[in-house]
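Note that the protein sequences, when read in sequence, are chains A and B.
According to our numbering, the stretch in the first sequence is residues 1 to 561, in order.
According to our numbering, the stretch in the second sequence is residues 562 to 646, in order.
Mixed in with the good hints there might be a few duds.
Mimicking BS3-like on lysine-lysine, the simulated pairs with C-alpha atoms at most 30 Å apart in a straight line are [as the list claims (entries may be wrong)]:
no.	chain 1	residue 1	chain 2	residue 2
1	B	Lys-642	B	Lys-601
2	B	Lys-641	B	Lys-622
3	B	Lys-601	A	Lys-345
4	B	Lys-630	A	Lys-345
5	B	Lys-601	B	Lys-622
6	B	Lys-601	B	Lys-630
7	B	Lys-630	A	Lys-16
8	B	Lys-641	A	Lys-325
9	A	Lys-16	B	Lys-642
10	B	Lys-601	A	Lys-393
11	A	Lys-393	B	Lys-622
12	B	Lys-630	A	Lys-393
13	B	Lys-622	A	Lys-127
14	B	Lys-642	B	Lys-630
15	A	Lys-127	B	Lys-642
16	A	Lys-325	B	Lys-642
Because the hints were derived from the structure by calculation, they are not lab data.
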Amino acid sequence: MNTPSRTFFRLDYGGKLERAIARLMAGFDENDFDAGRYPRRWLAIKLLEADADILSRVQEMPNGAQVIALAGQNAEYLKSMLGDEVDLLTADRRYGYINGVVRQALQRPLIDRITLTDRIDDIVTHKWLGLPFFFAIMYVIFRLVIDVSAPFLDWTDMVINGPVAHLFSFLLDLAAAPAWMHFLVVEGIVAGVGGVLVFVPGLLILYFFLALLEDSGYMSRAAFVMDRFMRIVGLHGKSFIPMILGFGCAVPAIYATRTIASRRDRILTALLVPLMSCSARLPVYVVFGLAFFGARAGTVIWAMYALGILVAMLAGMVFTRTILKPDVSSAFVLELPPYRQPALKSVLIHMWENTREFVRKAGTTILFASLVMWLLLNLPWGVDHQRDSYFGKVSGMIAPAFAPLGFGNWQTSGALVTGFMAKEIVVSTMSQVYLRGEEVQSTAPLSFGAEVLNMGGGFVTAAIDSGRILLSILPGVDLVPADQAPDDTALSLALQTQFTPLSALSMLVFVLLYVPCAATLGAIKHEFGTSWALTSAVYQTAVAWLAAFLIFQGGRLLGFG
Amino acid sequence: MELPETTQLHLLQPGQRGTIIRIHGQSALRRRFAEMGIIKGETILIERNAPLGDPVEYFIKGYHLALRKEEAAQIEVALKKDSNG
């Protein structure tokens, strides 16, 4: 029954406390209570300290309730005698002991040195310089994660859809696989895997910088500087970084919440991040903006970003008062550690492990979603028009739900459904369904050898491009040619027959706010579980519907459209 | 035991030093404080306010710690005479 006696170090908590511990341990036996796998003395101390986790565990054990009651009486008695809660008394004794040991073992210089850390902090947490410095760091990281990874992203996309797809195609031909399997593997699975891998370059860069910020010690200064601002929404200072990243892509942003210690704060941040208008939504704004708002397109696009932030603030306030009330774990008790030079090896390990985990866990969700989408688009087997596929049927079925928002046709609801895979697809689906004469242009197939050469050359080009973008982050350097304005005139004309400016605005608001894309939900599920992913999907869709409804119906009442 | 005049930690100004007399608030918060070395008898130095005025950086037990004023208000301190301000 008894654990074998070893000579453990045992801290003397002093007369009254020690007597209470002894009484409680005697009480274990009197109540036939078996401490099980817990050391008896340790358990007695934890019960006197009223440790919430231990109390709930002991409550489950046989005769646990009596023992807890006994511990409660003893704790009350100690409090009345010593004037403090037991957990504070024990902490006192422990620190007293530590101080004694430290005094014997460590000599400190008499005068406080002004350390390098103090001097850095004088700048980065300075009353006037602190915020500009923080925003400068954020700007650089944002540009690096989003822009510098873009050429590599295109390269990954090219490799998957080019050489890799062709290789599989070739192998399947060798095996004389039936056409449907060929189609499934190349257009379903390979493309789906590609959809996962395109996130990898950005994530690698993101994790590199997050590890750098964290390991150097700046991350806690960032939280220190931004905390007052984020608290308005019920968040922690550290939530700011994920929010900013959300303007690029919500997937790395969700993973960036890992730097936040409290689970409640992490979840709230992850629920709000998808409301930051990500770069995938921009093409939708641009196409609709140019088609319906002409010179005012810029204002409309700007308003979308502002609306996203506004809705996030409101949602944050609502969540803070309902399902995500602040608890003690969100208390801002934050160490500001001395600055250290990050170890390259640890930064690289961090970067690699986190990215690998994304591919494994969130990747499966993304792959599954893209396979389902592919099947919906291609079944029943042999459909040649999207309207007749299951996808078209489903779109037609849900279309009436969008009627009060001003866009109740199957084409739009279909585009919104495909937008679940990635929001920028809304535009390409619309061009497919509205301009179905347009043929997908196919380039002449290259030999495999030429493709491999292309792949290598493409990587070099990507590296050069991202190097250029890297340099252009410096003020005054501009090596990146401006993008040509998208020439979507045919789509514009088609859209103008289907939408009014008012229903177009309602549509944009809906695209801004509705269900996060499959990859984002995959990330939320991976980090916080299925129920939070569902919460995210449901609340955003509800908010989107409501907002678009108010805009469309409100606009009509006011006589627009 | 002498009873020094006490005040709440968040009312001290940067540069001032105080001795922790008592810690109020919920027990989970007080345990959190205790874990970070915020206990009776420790000396705490107010270092600086964040750019937006809150939280505040403190120096205690040889390390730097940031607390929101809301939470610092739970810590009762006696102002040390040798500190300026």
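Comparing the hints with the structure gives:
1. For the hint linking B:Lys-642 to B:Lys-601, the alpha-carbon distance of about 18 Å falls within 30 Å, and the restraint holds.
2. A hinted pair counts as satisfied when its Cα atoms are at most 30 Å apart, and B:Lys-641 with B:Lys-622 qualifies at roughly 16 Å.
3. Proximity of B:Lys-601 to A:Lys-345 is assessed by CA-CA distance (about 41 Å); at most 30 Å being required, the pair is judged violated.
4. Between B:Lys-630 and A:Lys-345, the direct Cα distance comes to roughly 38 Å. Violation of the 30 Å bound is thereby established for this hinted pair.
5. With a CA separation close to 12 Å, the supplied pair B:Lys-601 and B:Lys-622 stays within the 30 Å bound.
6. A distance of roughly 19 Å separates the Cα atoms of B:Lys-601 and B:Lys-630; the hinted pair therefore holds under the 30 Å criterion.
7. For the hint pairing B:Lys-630 with A:Lys-16, the CA-to-CA distance comes to about 35 Å; that exceeds 30 Å, so the pair is violated.
8. The straight-line distance between the Cα atoms of B:Lys-641 and A:Lys-325 is roughly 38 Å, outside the 30 Å bound, and the hint therefore fails.
9. Between A:Lys-16 and B:Lys-642, the direct Cα distance comes to roughly 34 Å. Violation of the 30 Å bound is thereby established for this hinted pair.
10. Restraint check for B:Lys-601 and A:Lys-393: not satisfied, since their Cα atoms lie roughly 70 Å apart, outside the 30 Å limit.
11. Only pairs whose Cα atoms come within 30 Å are accepted, and A:Lys-393 paired with B:Lys-622 is rejected, the gap being roughly 68 Å.
12. Of the supplied pair hints, the one linking B:Lys-630 and A:Lys-393 is violated, its CA atoms being roughly 58 Å apart against a limit of 30 Å.
13. Proposed proximity of B:Lys-622 and A:Lys-127 is supported: the alpha carbons are some 25 Å apart, at most 30 Å.
14. At roughly 22 Å between alpha-carbon atoms, B:Lys-642 and B:Lys-630 fall within 30 Å of each other, so this suggested pair holds.
15. Taken as a hint, the A:Lys-127 and B:Lys-642 pair is honoured in the structure, with Cα atoms around 27 Å apart against an allowance of 30 Å.
16. Distance check on the hinted pair: A:Lys-325 and B:Lys-642 sit about 41 Å apart at the alpha-carbon level, beyond 30 Å; violated.
The structure is inconsistent with the numbered hints 3, 4, 7, 8, 9, 10, 11, 12 and 16, although it conforms to all the rest.
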